[in-house]
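Peer 1: Chain residues, written in single-letter form:
2 protein chains.
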Amino acid sequence: MTPKILPLNQLHNGKCGSCARNKLCFGRFLADSNAAEQLDFEISNRILHRGDHIFYSGQEFSSLYMVRSGHVKTVMVTEDGEEQITGFPGPGDSIGADGLAAGQYAVDAIALDTVSICTLHFDHLLRTSTGEEDVQRLLLTLFSEMIFGNEQLLLTLGKLDAQQRMATFLLKQSHAQLRNGCSPVSFTLAMSRADIGNHLNLAVETVSRLLTQFKQRGLIKFNRNDIDWLDIDGLANLSNRREYTLPQMAENLATAQLN
Amino acid sequence: MTPKILPLNQLHNGKCGSCARNKLCFGRFLADSNAAEQLDFEISNRILHRGDHIFYSGQEFSSLYMVRSGHVKTVMVTEDGEEQITGFPGPGDSIGADGLAAGQYAVDAIALDTVSICTLHFDHLLRTSTGEEDVQRLLLTLFSEMIFGNEQLLLTLGKLDAQQRMATFLLKQSHAQLRNGCSPVSFTLAMSRADIGNHLNLAVETVSRLLTQFKQRGLIKFNRNDIDWLDIDGLANLSNRREYTLPQMAENLATAQLN
DNA sequence: CGTTGACTTGAAATTTGTCAAGTTTAGTGG
DNA sequence: CCACTAAACTTGACAAATTTCAAGTCAACG
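Protein sequences, first through last, are from chains A and B. Note that the numbering used here numbers the first sequence so that position 248 is 248, with each residue one more than the last. Note that the numbering used here numbers the second sequence so that position 5 is 5, with each residue one more than the last.
Quick caveat, the hints were computed from the structure, so don't treat them as lab data. Just so you know, not all the hints are guaranteed correct.
[As the list claims (entries may be wrong)] 27 Å max Cα-Cα, derived DSS-like pairs, lysine-lysine: (1) 159(A) - 215(A); (2) 172(A) - 159(A); (3) 159(B) - 215(B); (4) 215(B) - 172(B); (5) 215(A) - 172(A); (6) 159(A) - 172(B); (7) 159(B) - 159(A); (8) 172(B) - 159(B); (9) 159(B) - 172(A).
Can you make the complete structure from the sequences, with help from the hints?
Peer 2: As structure tokens, then:
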């Protein structure tokens, strides 16, 4: 499977509906792919570089963000300065929804590489979508997806051991690649071993050891952060998660498009 | 502080706005407390008993639920049957939002004691609220609160040790009591030690040992599941979370009412 | 009053973390 | 282009927190 290269770095300002990426973005929640083109709220796009903040924890909530390309980490910080990476949003993922309830963002959102990101001013979005049942449902679906994702993560971190967590993580990255029309077996990890460890609640050393072990067992081929190949079925077997095997992944994508 | 007893067991069917509980429920998200009385979507109420399911994981999504009284556990299950309790929703908490994105509930929701619960048929809710900007914002805020809550939980489970997790858990229960106008230092835990352990990713034995230890250190007085008193400041000190100290708790509630 | 399930307590076992010491890589400046 | 430095990563040995195992105790209920 060859990666499908889309014009990701091209900025898009204006209506969401006229954005080339929108079928992989908001569009993926809409039943009718033409409906995606009707989305008429304003978006503005900007490019960030490695280490740039999209927003800070504690900053006043104003907008939701959609990642168009690149990868981000969202970091929650305890009062005594300990950090927990809650996720690595990539293309088609949204950021910032956790800030609405309290009126301030709950995490730091930091670019891991060059990121193209859409800003959706929340008040504008809400005003524009008043009376638009489809858009309202879309927004709630977006939020629901985040709730579900966090619950899955709680399950992964709570009930799986180090090896299973690592396998699950790799499969999740692979699945995200597939969703974006890229190869699920060949891609680059945007985050460091330390970031992976923090996210999975494992020491950096454990992450390193597990990756080496997977390589030795022939489950994955990589150099540094470049993954050349991974055995999806083998990893799914380890992780106790069938949902990430290739036939299953294809099915998931198919049903997702029906919704 | 004496517990404020509300007529919780009284069923309420009809408009949300005319429900006696609604200021502790949907109302707590609305700036103007009178606005809560204007909520005009239909609700239906029912009573469940210990062990009853509100819904099952995998069941088709149709409604959101609001707990009026009693306590619930939400359980996510892996393919190999391992269970993770993702939360213990109580009065004023919502359940079911994780089901919208995939069209089916992601967890089992099970009553821990006698529960009075409101059913909000989602399609009806959406239709009724189309054009009502306030209600749209309210629903999104409800979802946002769940996202934030899950992220906080990820931080708690990921970066705190057993003792801190236990302290944080007790403070969270205490805070929930306060929010519902009940005593934050005297209440009954609806869940078993095993449930607490599962939720906090600790063995039952560890939970038991920690509770005993807290009792010996004078941080908490309890018999079985009845908590007679707890040292909020002491526990907050252990848990590294100032947000649960009494002055802070009062402030949180105050600002929450302004929103 | 005995049975059952929930809880408690102690001792041993194990996974994963911590510490320490390399090794490789990427970036920098001569 | 090469040496130098800092950061990221790897690897091994040991330590520690928590789990597991085993054996009770307690309380509710028929």
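Peer 1: Hints first: check each against the structure and report whether it holds.
Peer 2: We went through each hint and held it up to the structure:
1. 159(A) - 215(A): holds (24 Å)
2. 172(A) - 159(A): This hinted pair holds, its Cα atoms lying about 17 Å apart.
3. 159(B) - 215(B): holds (24 Å)
4. 215(B) - 172(B): holds (18 Å)
5. 215(A) - 172(A): holds (18 Å)
6. 159(A) - 172(B): holds (22 Å)
7. 159(B) - 159(A): Distance ~16 Å between residue 159(B) and residue 159(A) Cα, so the pair holds.
8. 172(B) - 159(B): holds (17 Å)
9. 159(B) - 172(A): holds (22 Å)
In the structure shown, no violation is registered for any of the earlier numbered hints.
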